[in-house]
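Novice: Sequence:
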Amino acid sequence: MSLITRLRDLFHHSAAAHQPPADDETLTVAILLTLVVHADGRVVEAEEDGLRTLLTARCGLTPEQASNLIGRVREAGDAVNPATTMVDRIVHDVPPEERPRLLSMAYRIAAADGSIHEFEDDLIWRTGRLLGFSDSDLAIIKAEALEALVTFEVRG
1 MSLITRLRDL FHHSAAAHQP PADDETLTVA ILLTLVVHAD GRVVEAEEDG LRTLLTARCG
61 LTPEQASNLI GRVREAGDAV NPATTMVDRI VHDVPPEERP RLLSMAYRIA AADGSIHEFE
121 DDLIWRTGRL LGFSDSDLAI IKAEALEALV TFEVRG
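Residue numbers for the sequence shown follow full-length UniProt numbering, beginning at 1 and rising by one.
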């Protein structure tokens, strides 16, 4: 193995340690949750912390990787059309059985600042409807997400 090859591998390994995994599902989850956080036009610290925590727990990222991924998503944010591109990404990248959990996470991050703004609720509802969920399915997903959030706060 040449010195150049070793150096390239060393730098590649070092850079990879600071970048989150680039799988499509992780990126799609990060994009949706970031869109929800920004839907009401303001981002509070509780939402930032919640976003990082959800990405860490859901995607197996370190807090640093989650922060880096959030930064990458924000940099590319203008290229994402929330109404259509996001749904296409979810259909392609997230298995059907994981989609209710994803919408539940979206409701939890929307509620992180103490309330769900109508823009956040509308974004999640439209996404769910475009994914084929009924209004009653979405009401159940929302209720369970908020119940889990309240249970966590009481125990937490």
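It should be emphasised that the hints constitute simulated quantities derived from the structure, not laboratory data.
C-beta: ideal position from N, C-alpha, C; glycine also.
Warning: the hint list may mix true and false statements.
Claimed, not checked - Quick list of simulated restraints, FRET-style, between CB atoms:
#: 1; residue 1: Ile-140; residue 2: Arg-74; range: 26 to 34 Å
#: 2; residue 1: Leu-146; residue 2: Arg-126; range: 30 to 38 Å
#: 3; residue 1: Glu-64; residue 2: Arg-129; range: 31 to 39 Å
#: 4; residue 1: Arg-101; residue 2: Asp-135; range: 29 to 37 Å
#: 5; residue 1: Asp-135; residue 2: Pro-96; range: 13 to 21 Å
#: 6; residue 1: Glu-64; residue 2: Ser-136; range: 37 to 45 Å
#: 7; residue 1: Asp-49; residue 2: Ser-136; range: 14 to 22 Å
#: 8; residue 1: Arg-74; residue 2: His-117; range: 29 to 37 Å
#: 9; residue 1: Pro-95; residue 2: Glu-144; range: 16 to 24 Å
#: 10; residue 1: Arg-42; residue 2: Pro-63; range: 21 to 29 Å
#: 11; residue 1: Ser-134; residue 2: Val-44; range: 13 to 21 Å
#: 12; residue 1: Pro-95; residue 2: Arg-126; range: 17 to 25 Å
Novice: Lying within 31 to 39 Å: is that true of the beta-carbon distance Glu-64 to Arg-129?
Specialist: Holds, since Glu-64 and Arg-129 (Cβ atoms, about 36 Å apart) stay within the stated range.
Novice: Given the hint of 26 to 34 Å, check if Ile-140 and Arg-74 actually sit that far apart at their C-beta atoms.
Specialist: The hint (26 to 34 Å, Cβ to Cβ) holds, given that Ile-140 and Arg-74 are roughly 31 Å apart.
Novice: Can you tell me whether the CB distance of Arg-101 to Asp-135 sits inside 29 to 37 Å?
Specialist: violated, 19 Å
Novice: Does the hinted range 13 to 21 Å hold for Ser-134 and Val-44 at CB?
Specialist: violated, 32 Å
Novice: Take the C-beta atom of Leu-146 and the C-beta atom of Arg-126, compute their distance, and say whether it sits inside 30 to 38 Å.
Specialist: violated, 19 Å
Novice: A range of 17 to 25 Å was offered for this pair. Does it hold for the Cβ distance of Pro-95 and Arg-126?
Specialist: Distance hint for Pro-95, Arg-126 holds at roughly 21 Å.
Novice: Does 29 to 37 Å hold as the CB distance between Arg-74 and His-117, or does it fail?
Specialist: violated, 19 Å
Novice: At the C-beta level, are Arg-42 and Pro-63 separated by a distance inside 21 to 29 Å?
Specialist: holds, 23 Å
Novice: In this structure, is the beta-carbon distance linking Pro-95 and Glu-144 contained in 16 to 24 Å?
Specialist: Once the Cβ atoms are compared, 19 Å apart, the range 16 to 24 Å for Glu-144 and Pro-95 holds.
Novice: Is the distance from the Cβ of Asp-49 to the Cβ of Ser-136 consistent with 14 to 22 Å?
Specialist: The hinted range 14 to 22 Å is violated for Asp-49 and Ser-136, with Cβ atoms some 32 Å apart.
Novice: Tell me if the beta carbons of Glu-64 and Ser-136 are separated by a distance inside 37 to 45 Å.
Specialist: holds, 40 Å
Novice: Quick check on a hinted range of 13 to 21 Å for Asp-135 and Pro-96, using CB atoms only.
Specialist: Once the Cβ atoms are compared, 19 Å apart, the range 13 to 21 Å for Pro-96 and Asp-135 holds.
This entry does not satisfy hints 2, 4, 7, 8, 11, going by the numbered hints stated previously.
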